[in-house]
Amino acid sequence: MSAVSPSDNSHGSEAWSASWTHFRIDRCSPAYCRVTFDHPPINTITATTVAELAELVDLIEQDPDLNVVVFDSANPDFYLAHYDVENDPGRTAALGAGPTGLPAWVDVLVRLARAPVVSIASIRGRARGAGSEFILACDLRFASRENTVLGQFEVGVGVVPGGGPMARLARLVGRGRALEILLVADDVDGPRAERYGYVNRLIADGELDDEVEEIASRVARFDHDALARTKSYVDLVTLPADSELGRPLGDFRELFGRRAQQAQWARLQELGLNTDSDLERSLGRRIVESIPDA
Amino acid sequence: MSAVSPSDNSHGSEAWSASWTHFRIDRCSPAYCRVTFDHPPINTITATTVAELAELVDLIEQDPDLNVVVFDSANPDFYLAHYDVENDPGRTAALGAGPTGLPAWVDVLVRLARAPVVSIASIRGRARGAGSEFILACDLRFASRENTVLGQFEVGVGVVPGGGPMARLARLVGRGRALEILLVADDVDGPRAERYGYVNRLIADGELDDEVEEIASRVARFDHDALARTKSYVDLVTLPADSELGRPLGDFRELFGRRAQQAQWARLQELGLNTDSDLERSLGRRIVESIPDA
Amino acid sequence: MSAVSPSDNSHGSEAWSASWTHFRIDRCSPAYCRVTFDHPPINTITATTVAELAELVDLIEQDPDLNVVVFDSANPDFYLAHYDVENDPGRTAALGAGPTGLPAWVDVLVRLARAPVVSIASIRGRARGAGSEFILACDLRFASRENTVLGQFEVGVGVVPGGGPMARLARLVGRGRALEILLVADDVDGPRAERYGYVNRLIADGELDDEVEEIASRVARFDHDALARTKSYVDLVTLPADSELGRPLGDFRELFGRRAQQAQWARLQELGLNTDSDLERSLGRRIVESIPDA
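Chains as they are written, first to last, in numbering that gives the first Met the number 0: chain A, 0 to 293; chain B, 0 to 293; chain C, 0 to 293.
Fair warning: there could be bad hints in the mix.
As the list claims (entries may be wrong) - Have a look at the derived ranges for each label pair, beta carbon to beta carbon:
#1 B:SER18 / C:GLY89: 54 to 60 Å
#2 B:GLU210 / A:ALA92: 55 to 61 Å
#3 C:ARG257 / B:GLY245: 39 to 45 Å
#4 A:ALA240 / B:ARG258: 34 to 40 Å
#5 A:GLU54 / B:PRO98: 48 to 54 Å
#6 A:LEU235 / B:SER18: 40 to 46 Å
#7 A:ALA240 / C:ALA93: 40 to 46 Å
#8 A:PRO98 / B:GLN268: 41 to 47 Å
Rather than coming from a laboratory, the hints here were simulated on the basis of the structure. Glycine included, each C-beta is placed from N, C-alpha and C at the ideal position.
Given these sequences and hints, build the entire structure.
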């Protein structure tokens with residue numbers, strides 16, 4: 000089965016065809032939508048990405064025809080690099096709280112996980128930090144066998160991850176492997192990600208797009224109520240309570256505000272952070288270069 | 000170690016040697032019982048199967064000598080196909096509630112999971128829908144490496160699975176893989192079932208019977224109290240509350256009663272449902288043939 | 000990266016360099032400590048081991064500089080064999096309750112799991128019974144690919160495991176695999192342990208020491224607060240309540256006190272228990288030799 004060609008968005012409402020800046024939307028059919036991250040050079044997540052994703056999740060929640068949303072990336076090396084404050088932390092703080100009452104980024108992830116549609120992360124390239132938090136909030140994760148790098152490097156720069164990976168990874172891969180991912184804070188390649196349950200399964204890179212397309216097209220034909228109700232019963236068992244997700248972001252802000260962490264972040268920027276650099280390609284291994292010698 | 004030869008049931012009480020119609024019982028020893036599903040042509044589960052299993056679980060619960068029950072199949076291609084209403088939904092509804100107060104099928108599964116014996120599903124062939132729900136209620140699942148097909152196809156016919164797989168799979172294989180099994184609703188082969196934790200592990204088809212026999216014979220020799228108490232502590236952590244299991248069956252009934260779903264079911268029957276047909280052999284893939292074009 | 004050479008403990012306080020009898024301590028740096036079990040002939044755990052571990056955990060809890068503790072074994076065939084009452088159950092009972100109010104052994108495990116440091120079990124050889132309980136209380140478990148044997152054989156001698164493996168395994172590997180490990184009570188080799196999630200992952204035996212050293216040295220450089228707080232959020236989701244851990248030890252004592260179990264234990268001692276014997280090397284398989292014929 001070949002990938003569908005880009006549609007003319009003719010199925011989407013006006014809102015869906017708004018001009019997005021950090022991703023493209025292809026409303027393949029009323030039941031099926033594809034979102035392609037496209038924010039050069041490495042798909043960092045910024046305040047703009049969060050605001051656009053919040054708007055997108057609003058649309059997803061309110062669309063009675065939608066069964067499935069696939070999230071993929073226009074950049075084969077970077078799915079979603081990580082969060083970039085763009086030298087202006089104020090823009091992120093200014094996003095405020097979302098409809099759940101949680102801060103914007105956490106709110107987007109919570110609402111996506113609970114939405115009555117099937118969200119699929121089709122992963123090729125790197126997804127670290129907030130990028131990893133995003134895929135953990137999707138329902139299904141399919142990843143390129145040859146070209147996947149996941150990780151939560153936050154502890155390596157002296158902060159607590161703020162977007163919920165303790166809550167989600169602990170439930171998904173169990174205590175030991177969650178602690179390894181979070182506390183050793185190194186890169187996880189595809190085969191280890193599959194063995195740990197960090198992703199559902201690997202698909203050969205050359206077949207990833209077609210197989211995800213086939214899955215999405217299948218789910219698009221199913222009855223919406225059957226999908227939504229069945230998902231809701233799994234939600235009851237597997238989703239963290241909102242109360243579990245608020246505090247870590249406070250820790251992140253407190254710890255990141257320290258002088259030493261600001262210095263570490265500045266050093267990483269000198270080394271190539273937020274650009275298509277060797278540092279970004281090997282961030283898990285090289286993160287220690289930002290730590291001053293004891 | 001070779002499989003034991005069929006016993007004369009001399010160890011069983013009168014009740015155990017009652018004449019069963021959808022399975023055979025071999026009481027290998029006071030501590031060990033084997034139940035072989037044998038309901039041609041494809042081991043569908045019907046109101047009769049449920050009633051007989053309810054009676055069997057009564058016996059299991061009350062037998063102070065019993066340590067282990069193995070469930071296998073006389074049909075190498077079908078372990079337990081799925082539920083068959085046999086064109087008479089009234090018979091299933093008439094089963095009423097079991098001792099737990101839950102509807103008969105859910106009651107059987109809940110009581111089997113809590114019984115103070117080790118239940119082992121020795122899986123060869125297909126176990127879908129209610130057949131998959133049955134193995135999920137067993138304590139241990141060993142499966143043929145070459146010849147295992149599992150799945151919950153219910154969402155593909157527009158209904159919510161009614162026998163608890165949302166509650167059990169979510170705890171067994173984690174959110175992402177549970178959602179894939181339930182919402183993509185496709186067949187899962189042996190290797191994927193093992194990787195996901197849907198079964199304990201695979202055993203080469205030619206060794207499955209002997210290895211399960213060896214495990215059961217071993218457990219049969221253990222102290223009953225040690226087994227029962229140890230299991231009860233795992234139950235505390237891993238079993239869903241009864242309250243989690245009642246509502247999905249209501250959804251199943253409501254959604255299945257809709258005209259479109261009745262039409263889908265009728266179409267599947269035309270295509271070979273409930274018979275040893277290509278449809279039944281490839282039900283996961285072919286289920287979409289019952290969905291009318293949008 | 001090569002293993003560090005034994006330090007002179009110059010970084011440790013007086014307390015750390017106390018003379019330990021069942022393990023050696025190497026305080027590689029203020030942030031990193033290595034503990035090597037060395038209690039010939041097979042690293043059994045006795046009342047002395049428990050008392051020393053309790054003292055060690057006190058030190059770990061109170062050390063603001065410590066980030067990571069690695070536990071390995073001086074004996075390549077036995078990591079920690081299992082508990083040995085040394086013909087004097089009174090010594091174990093006399094240990095009383097620890098700071099958590101739980102009995103000494105359970106208390107040590109609970110406090111280690113909650114300590115604000117990363118504990119790593121670097122496993123080579125056998126870890127059964129209480130030895131398995133110990134590694135389950137560590138945060139990360141890395142194991143020799145070629146030379147790992149894990150198991151909870153307790154049910155095979157007619158008792159309930161007392162140190163919490165029902166609570167920990169059920170959360171780590173899921174219901175089915177936890178019940179298999181606990182109720183079939185047989186040995187689990189490295190590859191199966193990795194597949195089940197009983198360990199984080201396997202490492203080739205020849206690379207185990209260097210890779211664990213590399214991980215520990217990395218974690219030693221991280222910010223202590225970031226590690227401790229991130230771990231605490233995983234603890235919230237994954238650690239059993241204390242109340243779950245007290246009762247099974249009572250069952251253990253009650254069941255072990257029975258005449259039949261005392262006789263089984265005596266028979267095992269005749270067969271070579273607590274010595275570097277074939278029985279100890281194949282304890283999972285041979286445990287049934289201690290069960291009288293029915």
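Structure-based check of all given hints:
1. B:SER18 / C:GLY89: 54 to 60 Å: Given a distance of about 57 Å, which is inside 54 to 60 Å, the answer is holds.
2. B:GLU210 / A:ALA92: 55 to 61 Å: holds (60 Å)
3. C:ARG257 / B:GLY245: 39 to 45 Å: holds (40 Å)
4. A:ALA240 / B:ARG258: 34 to 40 Å: Roughly 39 Å apart at Cβ, these two residues keep to the hinted range, so it holds.
5. A:GLU54 / B:PRO98: 48 to 54 Å: holds (52 Å)
6. A:LEU235 / B:SER18: 40 to 46 Å: Given range 40 to 46 Å: holds, Cβ gap about 42 Å.
7. A:ALA240 / C:ALA93: 40 to 46 Å: holds (43 Å)
8. A:PRO98 / B:GLN268: 41 to 47 Å: Taking Cβ atoms as reference, PRO98 of chain A and GLN268 of chain B lie about 45 Å apart, which means the hint holds.
Hint compliance for this structure: every hint is met.
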